[in-house]
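Chemist: One-letter residues, chain by chain:
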Amino acid sequence: MHDKDTVFKELRATLVELFELDPARITPETHLYDDLQIDSIDAIDLMERLHRQTGRKVATERFRSVRTVSDLVDTVHQLVNQA
Amino acid sequence: MNAMVDRTPPRPIRDLYWLRVATTGLGFLIFGVFGSLLGILVVPLLLILPGKAATRRVRVRRMLRLAFRAFAGFMHHSGAISYSMAGVERLGRPGQLIIANHPSLIDIVLLIAHVPGAGCVVKRAAWRNPSMVLAVSAAGYVPNAPTDRMIERAAALLAAGESLIMFPEGTRTVPDHERHFHRGAASVALRSARIVTPVYIRVEPPALMKGVPWYRIPVPRAHYALRVGTDIDLAPFRDQPLPIASRALNDCFIRTYAQATGTH
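In order, the protein sequence lines correspond to chains A and B. All residue numbers in the first sequence are consecutive under our numbering, ending with 83. All residue numbers in the second sequence are consecutive under our numbering, ending with 264.
Hints are not guaranteed to be accurate.
[As the list claims (entries may be wrong)] So the derived label-pair ranges between C-beta atoms look like this:
hint, chain 1, residue 1, chain 2, residue 2, range
1, A, 57, B, 86, 25 to 31 Å
2, B, 159, A, 78, 42 to 48 Å
3, B, 74, A, 55, 51 to 57 Å
4, A, 56, B, 21, 55 to 61 Å
5, A, 61, B, 123, 19 to 25 Å
6, B, 49, A, 13, 39 to 45 Å
7, B, 220, A, 29, 54 to 60 Å
8, B, 86, A, 67, 44 to 50 Å
9, B, 49, A, 57, 48 to 54 Å
10, B, 66, A, 57, 38 to 44 Å
11, B, 69, A, 22, 50 to 56 Å
12, B, 149, A, 71, 51 to 57 Å
13, B, 238, A, 52, 14 to 20 Å
14, A, 67, B, 259, 23 to 29 Å
What the hints contain is simulated information worked out from the structure, not anything from laboratory work. All residues carry an ideal CB built from backbone N, CA and C; glycine is no exception.
Isolated chain B (complex conformation) (with noise of 0.2 Å):
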């Protein structure tokens, strides 16, 4: 008996090449069409509901995260891309940092679909983006740079329980080259963090990296993992001075990434 032998056939290489192309790019402007829709019609009409800043907030976040999943099922069942997420149901717990790398455009959007009641912390560009303004700043969305009022916006949400999303790569990274953590991930974490979770995402083949325009997709289909991985533990890093502990803690960050992804 030879029951067990797959008998599907092999995806072909090139997988409706042409159909990938046109449900990605048809994916972008829903994306842009209904965002601009809701950061500048829909965000406002939650923001006049009645309710504490605490509630809109939520609120906010709560369509957002209902926007970005639409998207990523539009993507997924489009057959755009696929993807797959092991691991998310230990996101979202109360004063957890979220880390995670950033190879492609809409991971962003598949993580945040899947983490309920995240903050993030997002491109600064967003607040100089008139369809994400609003929806940004009423999520409370930390915008990023190196200063201390970003660590300190970062530091808060997390000490009041929240759970945060950044990307220490800060931006989208180019694959192969070396990886680089910005530090004020984990100086957020040694500040205020109960837990510290990486989540490490994998896109094969590439797909909608920096610097390459949206219609060159990959000839394969674009397979998005996200695994989350065990919480880091902070406690070797809280008993020296913040500069010496945050960049021990960022090393800690960089070797676990190239552990788990089998880069460096």
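Just chain A, same shape as in the assembly (with noise of 0.2 Å):
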């Protein structure tokens, strides 16, 4: 099972990688349009890596409502612990 602390760290990695970006700048309180201008395209990329990665596929109605870090870690955290 994976703990939100795990999902954090693993999803910085993507994102820093994906994105290029300074690890610096993700805390669990960024925005991710706001602070890092991921947008609608940038999630359809980002679900894609995050389905190869977990085996899952995500709905982008489920990230309608993901604006932060957090929401998204706590989505991810779901998605891999759901049965």
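Please assemble the complex out of the two chains, which come individually in their own frames, going by the hints.
Modeler: Written out as structure tokens, the structure is:
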């Protein structure tokens, strides 16, 4: 089972690689769109990446309410821990 | 000898203005009436005819192309507008993504009229219009939205070897505004396009713009110039992660259009 801290670290590594970001800019409070300029097209690329990493398909709808890195961690945490 | 001197009188500035208002209106009326008849009666007939889904799609696209060609011909020959195409023979290649700017209501019609067999990403409103919904669905057109479904469907058409028309500006543009391209087209291109070809559309003087009623036509006759540009090489964008690469490619699109059309 992945705890939220592990999920956060893995997600940060993914974001750094995919968007060429400085890891220091990514905290749980970081706003994906306002702070990192990650928009709906990026979200699609990110979901595909998560799909490959977790083997689970994430529906775009589940990302509608995601605003911050911590929202994203919660969504992915739920996803990997659901039976 | 002054045989080389062009003796045709200069076109009058107003150039049959009221006649053009009338033919423009008539053009849209015919387009509306025949378009609805095609959408409501002819498309269902085409769908009843035997054949696989792919055959039907080809059939519907051909019908749309002929209908759009007839409309373009009417607008041109009635003198409502004039238009010219350069390089269209390079459009419609397998796996080709065709991107175009969208300054006017009917440039999409002129483009579809001249590209054989192409799919198109069309605004979602077409699926809510009773006379259009069957045609756009049967033609396998893709409703525009910034969602994974749009990106996947558009990419799948290209991967299957079809050609696809996209308008990265999303909606008709207001002249003199800074150009904004949605990154969806760049993202689709990097996923599965074999070739990306820009089409530069220039309407001079501007006509049938967003927010302007159809009868407010420009005083001189509007000329639509559609010019097919050189293919955009995707190789330099291939070795980066998709979000970075699609941004870089989108910037490349914007630069290419700025250079070609002299705007920004």
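Chemist: Which hint numbers does the structure go against, in order from smallest to largest?
Modeler: Hint check: 1, 2, 6, 9, 12, 14 fail, others pass.
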